[in-house]
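Peer 1: What follows is the residue order along each chain.
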Amino acid sequence: MKLILDVKQMSEMKETSANSKKSKDDFEPKIIAFTCNWCSYAGADLAGVSRFQYPPNIRIIRLMCTGRLEPEIVVKALSHGADGVLILGCHIGDCHYLTGNHRTKKRIAILKRILSYRGIDPRRVKLDWVSAAEGYRFAKIVTEFTNEIRRSGPNPLKELA
Amino acid sequence: MIGKIRELAKRWIAEGKTDAIFGLKEENGHVAPNLFIKKSELERLVISPNYSLCYTLRPKNSNIFSLLERKYPNLKIGVVVRGCNERALFELAKRDQVDLERIEILGIACTKEEALECRCPKPYPQNLLVGERVEGVTNDDNVEALLKKTLPERLAFWNHEFSKCIKCYGCRNVCPMCFCQDCRMEKEQWVKTGVLPPEDPIFHFIRFYHISERCIECGECEKACPVDIPLLTISKLLRRDIKELFDYEAGLDVKQESPLLTTLDETLIKRGE
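First to last, the sequence lines map onto chains A and B. The first sequence lines up with residues 26 to 186 when you count with our numbering. The second sequence lines up with residues 1351 to 1623 when you count with our numbering.
Mixed in with the good hints there might be a few duds.
In silico contact screen, one side only, chain A against chain B (beta carbon under 10 Å); selected entries [to be verified]:
1) 88
2) 97
3) 101
4) 103
5) 104
6) 127
7) 130
8) 131
9) 135
10) 138
11) 145
12) 169
13) 173
14) 179
15) 181
16) 182
In case anyone wonders, no lab produced these hints; they're calculated from the structure. For every residue, glycine included, the Cβ atom is placed at its ideal position computed from N, Cα and C.
Just need the whole structure built from these sequences, with the hints factored in.
Peer 2: Here is the structure:
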């Protein structure tokens, strides 16, 4: 008896979620996430192992350090159809290479300004820090970012490519 | 004014302060950069048209100072510079492209008209020796117009502007701050080759980003552009941003390191670290 009720509830939930999807024109954002090998990728791993739920919209690319990430790569990702780019590194002071994330922080700040002058919403790029122990924080950041990109809609650069 | 500059240059050579003077020379109606060694030659020294001398100062393995250094290691050269030239020299020195110890700066001021034409924020060098300093131009119509636009308007504006690009690389070639031997704007990996207009936005983004913190606002890119893309607009805005974000202005303090080469607490990240 209880099982049937659960199934009924679930199907109702599905319907409502399907309806809400339709109202947003079925837009599911594609998000590229760059994570560093030592903190954030391990954080993502922990989120998986701990079964924290987060939207399946992100595609993770692992780098040895976010200091490897040239802003050109972010622009390439955006112009090749990504709706958002999420960059996750070690917290400041925890970088495996000591100062890699210092550089990223400065570079991304400049990148965002150029994007805004070019007419691209700088909020499509997000830089944040996730340590290897912060699986929940990883899931939370990804969920929030995906919702934000879903609200802002498809990337206008897609039409250019 | 030109008389005073020639006189000073001659005195420097006569007194042995410098072994030669680097400046523009007029010959048969043409003006080109020249290294003046004899005093008598200095009668041909000119300062107009306002040709960017710094363009000839890079890259390191082929600039005039490095070439001379191999043959004459102790040569000292006086350089006739305007405000923009001096800023470029300072930025190049920070990046190990020129050795300021071999250079004596003969600074000259630009006139009000020249400053207006270049929309120059600081039309005089710090080592000002000849001329009266005039105030720089602080407001820029293109910048203000862009800031008033919304994001979609900016996107449409630049899409149109960059669609005119004929990929002549003029903006890059003339830039005194571009000195890489291997340029990313030419690499298939980054920019699709064999298509016009060049892949947008990555092609122009590479240039804007690479000179973001070192742009000295000489405006040569915009002057060189054959299809009149207002390139200086974004570079000017970035210069403002870098000041706001990192309290850094390119070309003003020769001792202050570029924020992109330092950590968040402003210690220099050494090469190879």
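Peer 1: Verify the interface restraint on residue 127(A): the C-beta must sit less than 10 Å from at least one C-beta of chain B.
Peer 2: 4 Å, holds
Peer 1: Can you verify the interface hint for residue 181(A): is its Cβ closer than 10 Å to any Cβ in chain B?
Peer 2: 6 Å, holds
Peer 1: Closer than 10 Å between Cβ atoms is the bar; does residue 88(A) clear it against chain B? Give me holds or violated.
Peer 2: Violated. Min distance 17 Å.
Peer 1: Does residue 145(A) meet its interface restraint, that is, does its C-beta lie within less than 10 Å of any C-beta in chain B?
Peer 2: Holds: closest Cβ of chain B sits about 7 Å from residue 145(A), inside 10 Å.
Peer 1: With a cut-off of 10 Å on the beta carbons, see whether residue 138(A) makes it to chain B.
Peer 2: Hint on residue 138(A): holds, closest Cβ of chain B at ~5 Å, below 10 Å.
Peer 1: Can we keep the residue 173(A) interface hint, with Cβ of chain B closer than 10 Å?
Peer 2: 15 Å, violated
Peer 1: For the hint on residue 131(A), does the least C-beta distance to chain B fall short of 10 Å?
Peer 2: Residue 131(A) check passes; min Cβ-Cβ to chain B is 6 Å, inside 10 Å.
Peer 1: Report holds or violated for the interface hint on residue 135(A), using the least CB-CB distance to chain B and a cut-off of 10 Å.
Peer 2: 5 Å, holds
Peer 1: Verify the interface restraint on residue 179(A): the C-beta must sit less than 10 Å from at least one C-beta of chain B.
Peer 2: 13 Å, violated
Peer 1: Next item in the hint list is residue 104(A). Is there a CB on chain B closer than 10 Å to its CB?
Peer 2: 6 Å, holds
Peer 1: Is the interface hint satisfied for residue 130(A)? The criterion is a beta-carbon contact with chain B at less than 10 Å.
Peer 2: Given a least distance of 7 Å, the restraint on residue 130(A) holds.
Peer 1: Does the closest beta carbon of chain B sit nearer than 10 Å to the beta carbon of residue 103(A)?
Peer 2: 8 Å, holds
The structure fails to meet hints 1, 12, 13, 14 from the earlier list, while all remaining hints are met.
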